[in-house]
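**Student:** What follows is the residue order along each chain.
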Amino acid sequence: NAGVMQNPRHLVRRRGQEARLRCSPMKGHSHVYWYRQLPEEGLKFMVYLQKENIIDESGMPKERFSAEFPKEGPSILRIQQVVRGDSAAYFCASSLRTVSESSGANVLTFGAGSRLTVL
Amino acid sequence: KQEVTQIPAALSVPEGENLVLNCSFTDSAIYNLQWFRQDPGKGLTSLLLIQSSQREQTSGRLNASLDKSSGRSTLYIAASQPGDSATYLCAVIGLPQGGSEKLVFGKGTKLTVNP
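Top line first, the protein sequences correspond to chains A and B. All the letters of the first sequence, read from the start, carry residue numbers 1 to 119 under our numbering. All the letters of the second sequence, read from the start, carry residue numbers 1 to 115 under our numbering.
Check the hints yourself; a few may be wrong.
Restricting the straight-line Cα-Cα distance to at most 20 Å, the calculated cross-link-like pairs of lysine to any residue (SDA-like) are [to be verified]:
| id | chain 1 | residue 1 | chain 2 | residue 2 |
| --- | --- | --- | --- | --- |
| 1 | B | 42 | A | 11 |
| 2 | B | 107 | B | 87 |
| 3 | B | 42 | A | 2 |
| 4 | A | 44 | B | 95 |
| 5 | A | 44 | B | 26 |
| 6 | A | 44 | B | 84 |
| 7 | B | 1 | A | 57 |
| 8 | B | 68 | A | 5 |
| 9 | A | 27 | B | 45 |
| 10 | A | 44 | B | 40 |
| 11 | B | 1 | A | 41 |
| 12 | B | 1 | A | 42 |
| 13 | A | 71 | A | 26 |
| 14 | A | 44 | B | 45 |
| 15 | A | 44 | B | 110 |
| 16 | B | 42 | B | 86 |
| 17 | B | 1 | A | 3 |
| 18 | B | 107 | A | 42 |
| 19 | B | 42 | A | 86 |
| 20 | B | 42 | A | 39 |
| 21 | A | 27 | B | 43 |
| 22 | A | 27 | B | 46 |
| 23 | B | 107 | A | 59 |
| 24 | B | 110 | A | 38 |
| 25 | B | 42 | A | 3 |
| 26 | B | 107 | B | 45 |
| 27 | B | 107 | A | 27 |
Label-pair distances were calculated between CB atoms; the ranges are [what the hints assert, rightly or not]:
| id | chain 1 | residue 1 | chain 2 | residue 2 | range |
| --- | --- | --- | --- | --- | --- |
| 28 | A | 44 | B | 95 | 17 to 27 Å |
| 29 | A | 76 | B | 55 | 37 to 47 Å |
| 30 | A | 15 | B | 55 | 46 to 56 Å |
If the Cβ cut is set under 10 Å, some of the chain B residues that face chain A in the computed set are [said to hold, decoys possible]:
| id | residue |
| --- | --- |
| 31 | 27 |
| 32 | 31 |
| 33 | 32 |
| 34 | 36 |
| 35 | 38 |
| 36 | 41 |
| 37 | 44 |
| 38 | 49 |
| 39 | 85 |
| 40 | 89 |
Treat the hints as calculated values from the structure; they're not laboratory data. What you are looking at is a predicted structure, and each value in this text was computed from that prediction instead of being measured. Ideal placement from N, C-alpha and C gives every residue a C-beta, glycine not left out.
Pulled out of the complex, with its shape left as it was, chain B reads as follows (with noise of 0.2 Å):
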C-alpha cells in the first residue's frame, strides 16, 4: 500500500529564504508525482507534474525533483515571498492495477512566509 510522508508538517520562514520541502513515498511503482499548492478554503492548483522517467521539473521560482529508486521528492522554492504561504501537497499515481488512476496524497507542509 502505497504511503506519502511530507516533512515538515509545517514551516516559516522570512521574506526572500530559500526553502525545500521533502516529499517521501513507499512504492516506487509510480507513473507520475505532482506536487499541487493549496490556499485556506479553496481547492488545489498543481504546480508541477514528474513523470517517472523524469528527474526534475521547473517552473518560475520552483524546482522538484524526483528520485524514484529512493522514494523521495523535493521542492525547491527560491527567493520566497509572502504570495507563497499556502499549504503544499505531494501527491503520487501508481502504476495502474485494474483501471485504477488514484493520486496518493501527503498530509502536506504549510508554509508561512513572513514580510
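Isolated chain A (complex conformation) (with noise of 0.2 Å):
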C-alpha cells in the first residue's frame, strides 16, 4: 500500500489561473479530508468528503474552491482564479472509517502534500 498519493507535489500558477491538486486515498479508505496549511499557520481543516459526496465543507472558502470524490479516481480540491493568497500547502488525509464508527480510534493518514506557489 502506497499510502495517500498527492499529485502535483509541487504547482506554480499565475493570478487567474486554475489549481487542480489531486488526492489518492490508501486502499480501501472511503473517507478523505483535505487541509490547508498557510505559511507560518497551523493547518486548517477545509473539506470531508466521502465517495461522491460532501460531507462537511465548513471550511472551504465560498468562491473559488470546490472538492470531489467521485466514484471512481482520486479526490481533486480545485481553486479557480487563483490569488496570492492561495499559496499555502494542501494536505490529504484519508481514513477507514468515521470517528464515530471508530469510537474515537480512527487514525488519519496524511499525504505528502501538494504545495501551491502563486505568482
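Using the hints, build the complex out of the two chains.
**Tutor:** Okay, structure coming up:
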C-alpha cells in the first residue's frame, strides 16, 4: 500500500489561473479530508468527503474553491482564479472509518502535500 | 469554537535530554487527541492517538498524556536524538455535530535536537 498519494507535489500558477490538486486515498479508505497550511499557520480543515458526497465543507472558502471525490478516481481540490493568498501547502488525509464508527480510535493517514505557489 | 494552543513554539535542546511539549484545548468535548510529526516539506506522521476515555499512550521513547477536564495534553520525549528534530503538532477531533469529523490543529512546536 503506497499510502495517501498527492500530486502534483509542487504547482506554480499565475494569478487568475486554475489549480487542480489530486489525492488518491489509501486502498480501502472511503473518507477523504483536505487541509490547508498557510505560511506560519497551523493546518486548517477545508472539506470532508465520502465517495461521491461532500459531508462537511465548512472550512472551504465560499468562492473559487470546490472539491469532489468521484466513484472512480482520486479526490480533486479545484481552485479557480487563484490569488497570491492561495499560496499554501494543501494536505489530503484518508481514513477507513469515521470517528464515531471507530469510537475515536480512527487514525488519519496524511499525504505528503501539494505546495501551491501563486505568482 | 475549539482552539488548540501549543507551547513552546520552538525548542532547542542538546542530544540526550528528556523534554516535554505542551498542548491545550478550549473545549473538552473531544473524541480523541492526536500528536503528529511534520518534517520540512513532508506530510504528517501520526505518532500517538489518545481516545477521550484514555489517560495516556506510549510508543517507544514517546509518551502522551491527556487530561480532558483541564484541556491539556503533554508529549514526553525521552533521551532525545537529532533525528527527533521536526515540528510536532497536536490536534483534537471534537464530538461530531452533523457529521463533522474535522481535526483542529495547534500551530506546532518546532523541535531542534543538537548533536
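**Student:** Decide, hint by hint, whether the structure agrees.
**Tutor:** These are the hints, each one checked on the structure:
Between the alpha carbons of residue 42 of chain B and residue 11 of chain A the distance comes to roughly 15 Å, so the proposed pair stays at or under 20 Å and holds. Between residue 107 of chain B and residue 87 of chain B the alpha-carbon distance is near 9 Å, which keeps this suggested pair within the 20 Å criterion. Pair hint residue 42 of chain B plus residue 2 of chain A holds up; C-alpha atoms about 15 Å apart against a cutoff of 20 Å. Among the hinted pairs, residue 44 of chain A with residue 95 of chain B is consistent with the structure: their alpha-carbon atoms are about 17 Å apart, no more than 20 Å.
Distance restraint check for residue 44 of chain A and residue 26 of chain B: the Cα-Cα separation of roughly 17 Å lies within the 20 Å cut-off, and the hinted pair is therefore satisfied. Our distance criterion of 20 Å between C-alpha atoms is broken by residue 44 of chain A and residue 84 of chain B, whose separation comes to about 24 Å. Proximity of residue 1 of chain B to residue 57 of chain A is assessed by CA-CA distance (about 16 Å); at most 20 Å being required, the pair is judged to hold. Simply put, residue 68 of chain B and residue 5 of chain A have alpha-carbon atoms about 34 Å apart, too far for the 20 Å limit, and the pair is violated.
Between the alpha carbons of residue 27 of chain A and residue 45 of chain B the distance comes to roughly 18 Å, so the proposed pair stays at or under 20 Å and holds. Proximity of residue 44 of chain A to residue 40 of chain B is assessed by CA-CA distance (about 18 Å); at most 20 Å being required, the pair is judged to hold. Simply put, residue 1 of chain B and residue 41 of chain A have alpha-carbon atoms about 17 Å apart, close enough for the 20 Å limit, and the pair holds. The suggested pairing of residue 1 of chain B with residue 42 of chain A holds, with an alpha-carbon distance near 16 Å, which does not exceed 20 Å.
About 15 Å separates the Cα atoms of residue 71 of chain A and residue 26 of chain A, which keeps this hinted pair within 20 Å; it holds. Only pairs whose Cα atoms come within 20 Å are accepted, and residue 44 of chain A paired with residue 45 of chain B is accepted, the gap being roughly 17 Å. At most 20 Å may separate the alpha-carbon atoms for a hinted pair to count; residue 44 of chain A and residue 110 of chain B meet this at roughly 18 Å. The suggested pairing of residue 42 of chain B with residue 86 of chain B holds, with an alpha-carbon distance near 10 Å, which does not exceed 20 Å.
Using a Cα cut-off of 20 Å, the hinted pair residue 1 of chain B and residue 3 of chain A is violated, with the two alpha carbons roughly 32 Å apart. Distance hint between residue 107 of chain B and residue 42 of chain A is fulfilled; the C-alpha atoms sit about 4 Å from each other, no more than 20 Å. Straight-line distance between C-alpha atoms of residue 42 of chain B and residue 86 of chain A comes to about 19 Å, which keeps the hinted pair within the 20 Å bound. Distance hint between residue 42 of chain B and residue 39 of chain A is fulfilled; the C-alpha atoms sit about 14 Å from each other, no more than 20 Å.
Distance hint between residue 27 of chain A and residue 43 of chain B is fulfilled; the C-alpha atoms sit about 18 Å from each other, no more than 20 Å. Our distance criterion of 20 Å between C-alpha atoms is met by residue 27 of chain A and residue 46 of chain B, whose separation comes to about 18 Å. Proposed proximity of residue 107 of chain B and residue 59 of chain A is supported: the alpha carbons are some 17 Å apart, at most 20 Å. At roughly 16 Å between alpha-carbon atoms, residue 110 of chain B and residue 38 of chain A fall within 20 Å of each other, so this suggested pair holds.
At roughly 13 Å between alpha-carbon atoms, residue 42 of chain B and residue 3 of chain A fall within 20 Å of each other, so this suggested pair holds. Among the hinted pairs, residue 107 of chain B with residue 45 of chain B is consistent with the structure: their alpha-carbon atoms are about 15 Å apart, no more than 20 Å. Annotation: proposed proximity of residue 107 of chain B to residue 27 of chain A is violated, straight-line Cα distance about 30 Å (limit 20 Å). For the hinted restraint 17 to 27 Å between residue 44 of chain A and residue 95 of chain B, the CB-CB distance of approximately 20 Å keeps it satisfied.
The hinted window of 37 to 47 Å between residue 76 of chain A and residue 55 of chain B holds, with their beta carbons roughly 41 Å apart. At roughly 50 Å, the beta-carbon separation of residue 15 of chain A and residue 55 of chain B lies within the given 46 to 56 Å, and the hint holds. Nearest Cβ of chain A to the Cβ of residue 27 of chain B: about 15 Å, over the 10 Å cut. The hint is violated. With a cut of 10 Å, the hint placing residue 31 of chain B at the interface with chain A holds, because the nearest CB-to-CB distance is about 4 Å.
Here the hint on residue 32 of chain B is kept, as its CB sits about 4 Å from the closest CB of chain A, short of 10 Å. Evaluation of the residue 36 of chain B hint against chain A yields a held restraint, the C-beta minimum of about 8 Å falling below 10 Å. Checking residue 38 of chain B against chain A: minimum C-beta separation of about 9 Å stays under 10 Å; hint holds. With its C-beta approaching chain A no nearer than about 8 Å, residue 41 of chain B sits inside the 10 Å limit, and its interface hint holds.
Because the closest C-beta pair between residue 44 of chain B and chain A is about 4 Å apart, less than 10 Å, the hint holds. At its closest, the beta carbon of residue 49 of chain B sits 6 Å from a beta carbon of chain A; the interface hint therefore holds under the 10 Å criterion. For the restraint placing residue 85 of chain B at the interface with chain A, the shortest Cβ-Cβ distance is roughly 18 Å, beyond the 10 Å limit, so the hint is violated. Interface hint status for residue 89 of chain B: upheld, as the beta-carbon distance to the closest one in chain A is roughly 7 Å, under 10 Å.
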